[in-house]
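Colleague: All chains should be modelled from the sequences, with the hints used to inform the complete structure.
Protein chains in written order, with UniProt numbering: chain V, 1 to 612; chain S, 1 to 744; chain U, 1 to 98.
Check the hints yourself; a few may be wrong.
Claimed, not checked - Have a look at the derived ranges for each label pair, beta carbon to beta carbon:
{"#": "1", "chain 1": "S", "residue 1": "Ser102", "chain 2": "V", "residue 2": "Arg38", "range": "48 to 58 Å"}
{"#": "2", "chain 1": "S", "residue 1": "Ser102", "chain 2": "V", "residue 2": "Lys198", "range": "45 to 55 Å"}
{"#": "3", "chain 1": "V", "residue 1": "Ala493", "chain 2": "S", "residue 2": "Ala130", "range": "31 to 41 Å"}
{"#": "4", "chain 1": "V", "residue 1": "Pro237", "chain 2": "S", "residue 2": "Ala130", "range": "38 to 48 Å"}
{"#": "5", "chain 1": "S", "residue 1": "Ser102", "chain 2": "V", "residue 2": "Pro237", "range": "56 to 66 Å"}
As the list claims (entries may be wrong) - Straight-line C-alpha distance at most 25 Å; calculated DSS-like pairs for lysine-lysine:
{"#": "6", "chain 1": "S", "residue 1": "Lys56", "chain 2": "V", "residue 2": "Lys4"}
{"#": "7", "chain 1": "S", "residue 1": "Lys298", "chain 2": "S", "residue 2": "Lys232"}
{"#": "8", "chain 1": "V", "residue 1": "Lys267", "chain 2": "V", "residue 2": "Lys222"}
{"#": "9", "chain 1": "S", "residue 1": "Lys56", "chain 2": "V", "residue 2": "Lys127"}
{"#": "10", "chain 1": "S", "residue 1": "Lys56", "chain 2": "V", "residue 2": "Lys73"}
{"#": "11", "chain 1": "S", "residue 1": "Lys421", "chain 2": "S", "residue 2": "Lys308"}
{"#": "12", "chain 1": "S", "residue 1": "Lys665", "chain 2": "S", "residue 2": "Lys383"}
{"#": "13", "chain 1": "S", "residue 1": "Lys298", "chain 2": "S", "residue 2": "Lys374"}
{"#": "14", "chain 1": "S", "residue 1": "Lys383", "chain 2": "S", "residue 2": "Lys320"}
Honestly, the hints are just simulated from the structure, not real lab data. Keep in mind the model is a prediction, meaning the values are calculated, not measured. Just so it is clear, CB atoms sit at the ideal spot from N, CA and C, and this is done for glycine as well.
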Amino acid sequence: MAMKSSDLRSRIETESELIRMCIEAATESGNAVEAWRRQRRTLERMPSLLAGALLHRLLHRRLLFPSLLEVFKHNVEEIDLRGENCVDAEWMAYLGAFNYLHSLNLSDCYKVNSAALWSITGMPNLKELDLSRCSKITDAGIRHLSSIPSLERLCISETGVTAEGIMLLFSLTNLRVLDLGGLPVTDMALSSLQELKKLNFLDLWGSEISNRGAALLQVFPKLSSLNVAWTKVTKLPILPSLAHLNISNCTITYLFKGEGDKARLAKLVASGATFADVCGALSNVETSLVSHLDLSNAHIDSFYFLPHLSSITYLDLSGSSMADDSVANIACIGAKLRYLNLNNTKVSSAGVGILAGHVSNLETLLLSFTFVDDSALPYIGMMPSLKAINLSSTRIKGSINHEGSDSAAVPSFLALKDLTNLERLELGGPQIKDAALFPLSSFHSLKHLSLQSGILTDESLPHFSAMQNLEHLSVRDAVLTSAGLDSFSPPPALRVLDLRGCWLLTEDAIFLFARKHSKLEVRHEHVSMSLSDTGGSSYLYPSEATSKTSQSKQRQKISLLPSRFDNSALKSYPSKQRQKMTHDRSRLLETDQRLKYTREELLALQFSSTLF
Amino acid sequence: MTMNQRNTIDLDQGWDFMQTGITKLKNILEGKPEPQFSSEDYMMLYTTIYNMCTQKPPHDYSQQLYDKYRESFEDYVTSMVLPSLREKHDEFMLRELVKRWSNHKIMVRWLSRFFHYLDRYFIARRSLPALNEVGLTCFRDRVYHELNGKVRDAVISLIDQEREGEQIDRALLKNVLDIFVEIGMGQMDYYENDFEAAMLKDTAAYYSRKASNWILEDSCPDYMLKSEECLKREKDRVAHYLHSSSEMKLLEKVQHELLSVYASQLLEKEHSGCHALLRDDKVEDLSRMYRLFSKIPKGLEPVANIFKQHVTAEGTALVKQAEDAASNKKVDKKDVVGMQEQVFVRKVIELHDKYLAYVNDCFMNHSLFHKALKEAFEVFCNKGVSGSSSAELLATFCDNILKKGGSEKLSDEAIEETLEKVVKLLAYISDKDLFAEFYRKKLARRLLFDKSANDEHERSILTKLKQQCGGQFTSKMEGMVTDLTLARENQANFEEYLSNNPQANPGIDLTVTVLTTGFWPSYKSFDLSLPAEMVKCVEVFREFYQTKTKHRKLTWIYSLGTCNINGKFEPKTMELIVTTYQASALLLFNASDKLSYQEIMAQLNLSDDDVVRLLHSLSCAKYKILNKEPNTKTISHTDVFGFNSKFTDKMRRIKIPLPPVDEKKKVIEDVDKDRRYAIDASIVRIMKSRKVLGYQQLVMECVEQLGRMFKPDVKAIKKRIEDLITRDYLERDKDNPNLFKYLA
Amino acid sequence: MKKEDMVKLISADGFEFVIDEKAAMVSQTIRNMLTSPGSFTETQQRQVTFPDISTTILEKICQYFYWSLQYASGKETEFHIEPELTLELMMAANYLHT
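Modeller: Now the structure itself:
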């Protein structure tokens, strides 16, 4: 694993305060730039890392224009222009003169067309080129590229390239990484790439590859990562060096059929895939090596293959037919498991009980939209490493009434108090009452708490005040009043308070509260929302996925279906979009709720919180 | 601005320059004459690397320099270090290794500073091992991997030499073992796997050999001395040259071989084992035994067991001794037997003192030994001596201490101390309620007959009992003591009343002690027909009492009264101190000279038992106030009595005792009755909260609840359950007769 | 101030700057030099020549050393850099690792 160039650039500045200050001063204004841009000899001597850092800061400050690029042509080795919509043929003309450039990222630069690529032909050192989603690039552009034999990494997913253009790539024999996602790659086109013997990463999602094409993949001896999601492929040949495979939304009959060793897959993503006979399909996979398996929304007939996944750490079975009777299959591979997603399955408390005691390293457990109720909490309390739990939209009430006795109900969240690593807890359900929340105030490690219940009132608020480490609190759709909010003292570490859907709150009250606690970001329909919202309902994904979402977030781009290699379809909605959806929904809710009351009743409610 | 235009340095040219620096460094390390690095040297070397890494492609030589950096170490190690190590052996090899490792670290420190610029970006970017790591890894892969087996063997052999008493170079070992730690770069794996495991194995073998000889040759104390010494030396070893994380593991191994393996053999050595040490009061050895065995898993259990056996045996011997003494002395006078029992309790207290001191000092207050002591005492303390239960013996013992003129003459402090110990012993008695009953009887006697020696002591023992057994246990006794204080006040009031109302004065001095029913033991209150003079007294007091209180009923217990009466005998008038019964009987003779047994009985309105007893005391005992016809030693229903006007004695004042009724049987009966109530109450309490419960469970909980007072008999509990069923408190389940239900 | 607590830095054109050792150690490169084991004895001169750094830049660098010490001790003042010096200064900072 090598460090990303953007990380290295930031490393320069965090390592050296003086360099940071110099770059700051150099890019302060157009005049500042004029003060140094003629120091040609100094610029020529400048180490490429420093020059790169300066260039990207200028870009960020909107001070970079084509003719200024000139000063960097002798010193910069990497340029990242992702999503810069000003980049056009003129820029490309200057970039073509960069002697030492070896990496150029032009993804989402929609003005870059085939003709513009002519400028960079013949660049002697260029090894990496990313043209993803540059829709104006067609087969003609590819023709230009074929004259850069040094290329090792090429991304042209979702461009205007056709099968014919792809065939032109055969001459780039140094290619190791080739991303052809979303292009109409045909079996024929693929067969013309047989000479790319160094290929180890190939992305073919959404292509027109069939089983015939898939059979050809054997000609790439070093292939270790393959994406054939959203294709007609139903079988794959033996690919001995393959470690990562994405077959999302494919209908699979079998994988790696043939003579030879079992496939040594570490990661398998099969989100939304359909398996006629999943055990049979996986029979040629060395299941004891798989550490990451995503079967979300997959159509699977049985789970009997699970017990063989002895080193699995990440398992996503959300939206699958998993139910209590199959949970035992997970329990017997639980020891190494860190992430388990059972959202939207038929699992109930009994199933959680089967898991308890077998998943000592589990850090994330997702159970939203399941039949789980309060009796599952003691079992969850027995999973010592848990950091994140999602129990929203379940049957959890927060209290257990012992049968036959009408004595006070026991608050069930007490069962979680021994989870000393718990940082994130999401609860939601129509039946959670104020009184059920008091155990939460002793969960000192909790950083993120989200609650959604229409019957929570002001009385729930004092429970949160004592939570020392709470950074994010969301109390949604509750009947909080303005008076209640006014008397709420937020916990010391709180940064975000999400009150969306609390329809009784007035604009004034929220404004007053936000002013009183200026360091706090308050979210509500009455407050214009900040775009940097990380989304109230995203889960803790492993780092890879998180960085993916954050990238798309920054650029505010929406990657549409079908999914990319390492993101399942639903998750790749950038957060802004998702947030907007929830926003709209809560507005609907708002109207609905108010319609239930007369004007007089509403006025009365506004001044009292104890009615509920 | 004047800046020197720099020319591109090519790889060979640059590397040649670096080579000169590296050679210089090697020479310094090898001790060859070579001037130290100057600041200029250092800056030149650093600058060369900096320039070669910041040149434009293809002249950016970062990767090549990184490789050459590693090669420099490999080259030095292969050409210089390994040959010099390979030709040396044992201790010399160790010395050379220590020197080479320390040189290597210096070399890494220097070179990594010359090449520092690589660390900053090139290595971070490619996620390669850092320069420091590359340098140390080289030594690990080339030198350590080749030699660690040889080194380990040499070190272990030195350790063994030291165990046999030879002097070794501890500093050398410390330095060698530091290599095992440092080579792990933060991980202990190398030390643990390549050295520690083998060292522990060797240690185990060494001590296994030693122990197998010692256990045959040495006595238990000697063996323990040696073991302790060995453990101390091993601990010392860790402090001097092993890594501190080895301490636990090493000591565990030694303890296992020396102690765990031979634990039972050692403890049970016939003439010097644990039994013998206890027998001979070898306090120091016992302390050592505790220290050693407390460190091995389950090591103390057998020791505590032997301790328990020993104490039980000693205690049982005391019981036997007391039994023997009692049966030998049966023929003698009764109070001598009492003395024997007194001695027995004393001895038990001494025994307890002795072994409690053992538990506290030798056995460091360990709970296991407290338990053993308790269990041992429970065994023989509940045996009883010649028909008297321990509960009774203890109560009598207390009585003897607390009453006036008791057999024990002790200072105040000694009394306090003794009482303290008695109360401690009480903890071992299972029938605490029986003790309470006996104690109350004795206390009543002391209080009512003014025999208590000291109020302070009475209160102090009650405080102690309260602490030990709880408030419920002593509430009645405290009530008794309070009653008596109140009674004194009351008497003063009564006398004042009499002096204010002279017409009411009965002409007789009257002292009345008003007791609260319930606090005191139950007494018979027969309707003795009082002589008229006394009837008047009673009336006067009743009137007085009613002026003070309303709605309180006075019941007179004449059996506890005493009277001082003057007997006008012919030789002289004498003062007789008698009980109210006796006085009533004597006063009859003011009216008649002679009275038959039947007449006396009829006039006094008493039972046969009491009449016989009091007439015997007046006519057949030491003082013959009455003449009896016929003049025999026993009383029969046909006897006739007359006043003996000739009676005299050298004293002017005599006390005519009335022998007390034997109360033991009654006390036991009372306790039995109380226990029935206690069991009933306990069962009902349990069932009320559980509603439904099985037989076994119920009995168990009941025993547990009552255990603080007495050990209830399971049969008794069963009987009470049956009784409660007939009284409709409980019912049996229809399907399962062993299941009971509570009926509200 | 004792002599051994001072360091002499010499620019490409021969100007000498004598500064506190503590200030000079803000540069990791100089710190490495001064703290290398068994390197500079007391008798040796503690001076370094920087053939690639001009007087102007070296002066600025020395100012920065002192400013950085103050900043670390809590005095938050601004360190002004003239835009025309930025490139040279940046490269010197990279070389000196400061």
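Colleague: Against each hint, give a clear statement of whether it holds in the structure.
Modeller: Against the structure, the hints:
1. S:Ser102 with V:Arg38: 48 to 58 Å: holds (54 Å)
2. S:Ser102 with V:Lys198: 45 to 55 Å: Hint holds: Cβ distance 46 Å, inside 45 to 55 Å.
3. V:Ala493 with S:Ala130: 31 to 41 Å: holds (35 Å)
4. V:Pro237 with S:Ala130: 38 to 48 Å: Given about 42 Å between the Cβ atoms, the range holds.
5. S:Ser102 with V:Pro237: 56 to 66 Å: holds (58 Å)
6. S:Lys56 with V:Lys4: holds (20 Å)
7. S:Lys298 with S:Lys232: holds (21 Å)
8. V:Lys267 with V:Lys222: Roughly 17 Å between the alpha carbons, so the hint for Lys267 of chain V and Lys222 of chain V holds.
9. S:Lys56 with V:Lys127: holds (16 Å)
10. S:Lys56 with V:Lys73: holds (11 Å)
11. S:Lys421 with S:Lys308: At roughly 20 Å apart (the allowed maximum being 25 Å), Lys308 of chain S and Lys421 of chain S satisfy the hint.
12. S:Lys665 with S:Lys383: holds (18 Å)
13. S:Lys298 with S:Lys374: holds (20 Å)
14. S:Lys383 with S:Lys320: Status holds; Cα separation ~10 Å.
When each numbered hint is compared with the structure, no violation occurs for any of them.
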